[in-house]
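Undergrad: These protein sequence lines are chains A and B, in that order.
Residues 1 to 112 (the working numbering) are what the first sequence spells out, left to right.
Residues 113 to 226 (the working numbering) are what the second sequence spells out, left to right.
No lab work stands behind these hints, which were simulated from the structure alone.
Accuracy of the hints is not assured; some may be wrong.
[Claimed, not checked] Calculated lysine-lysine pairs in the DSBU-like style (CA-CA distance at most 30 Å, straight line):
{"hint": "1", "chain 1": "A", "residue 1": "K22", "chain 2": "B", "residue 2": "K169"}
{"hint": "2", "chain 1": "A", "residue 1": "K69", "chain 2": "A", "residue 2": "K22"}
{"hint": "3", "chain 1": "A", "residue 1": "K104", "chain 2": "B", "residue 2": "K127"}
[Stated by the list, open to error] Computed Cβ-Cβ distance ranges for the label pairs, DEER-style:
{"hint": "4", "chain 1": "A", "residue 1": "R42", "chain 2": "B", "residue 2": "S150", "range": "17 to 23 Å"}
{"hint": "5", "chain 1": "B", "residue 1": "D175", "chain 2": "A", "residue 2": "K77", "range": "39 to 45 Å"}
{"hint": "6", "chain 1": "B", "residue 1": "V186", "chain 2": "A", "residue 2": "P79", "range": "17 to 23 Å"}
{"hint": "7", "chain 1": "A", "residue 1": "K77", "chain 2": "B", "residue 2": "K127", "range": "42 to 48 Å"}
{"hint": "8", "chain 1": "A", "residue 1": "G29", "chain 2": "B", "residue 2": "T226", "range": "31 to 37 Å"}
{"hint": "9", "chain 1": "B", "residue 1": "A166", "chain 2": "A", "residue 2": "P7", "range": "32 to 38 Å"}
{"hint": "10", "chain 1": "A", "residue 1": "P40", "chain 2": "B", "residue 2": "K169", "range": "29 to 35 Å"}
By construction, the Cβ of each residue, glycine as well, lies at the ideal position given by its N, Cα and C atoms.
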Amino acid sequence: AQSVAQPEDQVNVAEGNPLTVKCTYSVSGNPYLFWYVQYPNRGLQFLLKYITGDNLVKGSYGFEAEFNKSQTSFHLKKPSALVSDSALYFCAVSHRDDKIIFGKGTRLHILP
Amino acid sequence: GAGVSQSPSNKVTEKGKDVELRCDPISGHTALYWYRQSLGQGLEFLIYFQGNSAPDKSGLPSDRFSAERTGGSVSTLTIQRTQQEDSAVYLCASSLSSYNSPLHFGNGTRLTVT
Chain A
1 AQSVAQPEDQ
11 VNVAEGNPLT
21 VKCTYSVSGN
31 PYLFWYVQYP
41 NRGLQFLLKY
51 ITGDNLVKGS
61 YGFEAEFNKS
71 QTSFHLKKPS
81 ALVSDSALYF
91 CAVSHRDDKI
101 IFGKGTRLHI
111 LP
Chain B
113 GAGVSQSPSN
123 KVTEKGKDVE
133 LRCDPISGHT
143 ALYWYRQSLG
153 QGLEFLIYFQ
163 GNSAPDKSGL
173 PSDRFSAERT
183 GGSVSTLTIQ
193 RTQQEDSAVY
203 LCASSLSSYN
213 SPLHFGNGTR
223 LTVT
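The shape of chain A in the complex, shown without the other chains:
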């Protein structure tokens, strides 16, 4: 069975600085990896996914994530944080023919 861990409950970053939100996973075989974002009082939105191919995937709002098979990680990154990036971020994993499992979420605070 697959699982996903987000080791940080909260991440604080100053506006304009690079940000990283960490995610590690466990799955038998090749993983399918996702990041979703939940803005205050809004529904969950898809950011990006890794299925196969290039290890660096780009998504919405300037976010990107790097798939690292040896470290079983899929960290979310952005070169320059905006205050509007403050939200709850979820990493998710699935495997062929199996359900999508989410992590506990990381609350990102961008400080002006």
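We have chain A already, so just place chain B on it with the hints.
TA: Then chain B, alone, in the frame of chain A:
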């Protein structure tokens, strides 16, 4: 186009009562999920429907919880004899396929058991 629709948006019920939560997925989406979001608990998987296959019920927390999906479209999550620990936001999501398509989430049903 229309997104995933959930009803009701809010539900307050007394302990011991049964509740039904409804989800209308995006037309043509074969995969449908139910998740539960509690404060500090992230997104807890409940149940997953994929086409005509038997649903994956491995996330249902007790036999008080059940779900069905009629005609491959609308889904209903039923909680019998509600308990206070059932209070949470129940989220429904659908996707074109199962494991590698992005999920489209509804706005959820906030359930409060008093």
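Undergrad: Tell me the hint numbers this structure goes against, listed in increasing order.
TA: 6 and 8
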